[in-house]
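My request is simple: use the sequences and hints to build the entire structure.
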Amino acid sequence: AQRVTQPEKLLSVFKGAPVELKCNYSYSGSPELFWYVQYSRQRLQLLLRHISRESIKGFTADLNKGETSFHLKKPFAQEEDSAMYYCALSVMGGGSNYKLTFGKGTLLTVNP
Amino acid sequence: DVKVTQSSRYLVKRTGEKVFLECVQDMDHENMFWYRQDPGLGLRLIYFSYDVKMKEKGDIPEGYSVSREKKERFSLILESASTNQTSMYLCASSPGTMFSGYTFGSGTRLTVV
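Sequences listed follow chains A and B, in order. Each residue of the first sequence is one higher than the last, beginning at 620 in our numbering. Each residue of the second sequence is one higher than the last, beginning at 211 in our numbering.
A portion of the hints provided could be inaccurate.
Said to hold, decoys possible - Quick list of in silico lysine-lysine cross-link-like pairs, DSS-like style, CA-CA up to 25 Å:
1) A:LYS676 x B:LYS213
2) A:LYS641 x A:LYS628
3) A:LYS676 x A:LYS628
4) A:LYS641 x A:LYS723
5) B:LYS267 x A:LYS723
6) B:LYS280 x B:LYS267
As the list claims (entries may be wrong) - Covered stretches of chain A, as calculated for chain B (at least 3 residues, CB under 8 Å):
7) 662-674
8) 705-712
9) 721-728
Since the hints were made in silico from the structure, they are not lab data. Glycine included, every Cβ here is placed at the ideal spot set by N, Cα and C.
So this is what it looks like as structure tokens:
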């Protein structure tokens with residue numbers, strides 16, 4: 620069965636320090652992974668997706684199929700990065716449709 | 211340019227009441243989803259729909275039902291609200307492809323007393 624694991628519920632770093640939010644997945648098919656972010660009192664929004672190979676707000680994520688991981692990284696954390704982060708895996712839901720399976724989330728706090 | 215709208219931001223209901231949560235999207239997406247979000251438990255899928263008048267159970271459908279009479283609207287129904295259904299409810303829509311991801315609504319914070 621498909622599963623997404625985010626091992627850290629809470630992560631606290633200082634401003635300017637590197638940050639890595641871990642995500643591991645279990646899926647028998649070809650994985651497509653996403654990171655979503657929820658800032659305080661805002662809606663959940665897409666941060667980045669594997670297929671785009673993009674860097675958003677200084678964050679990057681690399682898919683490692685050998686380690687079944689999709690860790691989110693930023694070299695220098697900013698206070699405005701404080702938020703809840705969810706890793707998500709796109710899985711077949713029925714017919715040709717897909718749905719997302721989410722991890723339980725990591726609350727990142729960046730201290731001044 | 212709000213694309214997924216949930217009708218209420220906060221709701222307070224009494225135990226045993228029938229509760230309707232409404233969600234409307236304007237992106238012509240085929241797929242719509244209802245999740246509940248609880249601290250430490252992440253997002254758990256309640257129900258989803260790939261087309262008008264069709265529905266599929268998610269991971270935690272007990273105590274809930276849904277209705278999708280029009281493509282743009284997906285309603286979550288709590289048949290008889292209970293205190294353990296106090297939660298944040300999130301609606302999302304998607305074109306349904308592997309790479310598309312979701313667009314979320316702003317959520318409805320439901321408190322059952």
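Here is how each hint holds up against the structure:
1. The hinted pair formed by LYS676 of chain A and LYS213 of chain B meets the criterion: a straight-line CA distance of about 22 Å does not exceed 25 Å.
2. Between LYS641 of chain A and LYS628 of chain A, the direct Cα distance comes to roughly 10 Å. Compliance with the 25 Å bound is thereby established for this hinted pair.
3. Proposed proximity of LYS676 of chain A and LYS628 of chain A is supported: the alpha carbons are some 22 Å apart, at most 25 Å.
4. At most 25 Å may separate the alpha-carbon atoms for a hinted pair to count; LYS641 of chain A and LYS723 of chain A meet this at roughly 12 Å.
5. Of the pairs offered as hints, the one joining LYS267 of chain B and LYS723 of chain A holds, with about 20 Å between alpha carbons and a cut-off of 25 Å not exceeded.
6. This hinted pair checks out: LYS280 of chain B and LYS267 of chain B have alpha carbons roughly 19 Å apart, not beyond 25 Å.
7. Residue count for the stretch 662-674 of chain A with a Cβ under 8 Å from a Cβ of chain B: 6. That meets the three needed, and the coverage hint holds.
8. A count of 4 residues in the stretch 705-712 of chain A with a Cβ less than 8 Å from any Cβ of chain B is obtained; the coverage claim is therefore met, three being the minimum.
9. Note: the stretch 721-728 of chain A has 4 residues with beta-carbon separation from chain B under 8 Å; the three-residue rule is met and the coverage holds.
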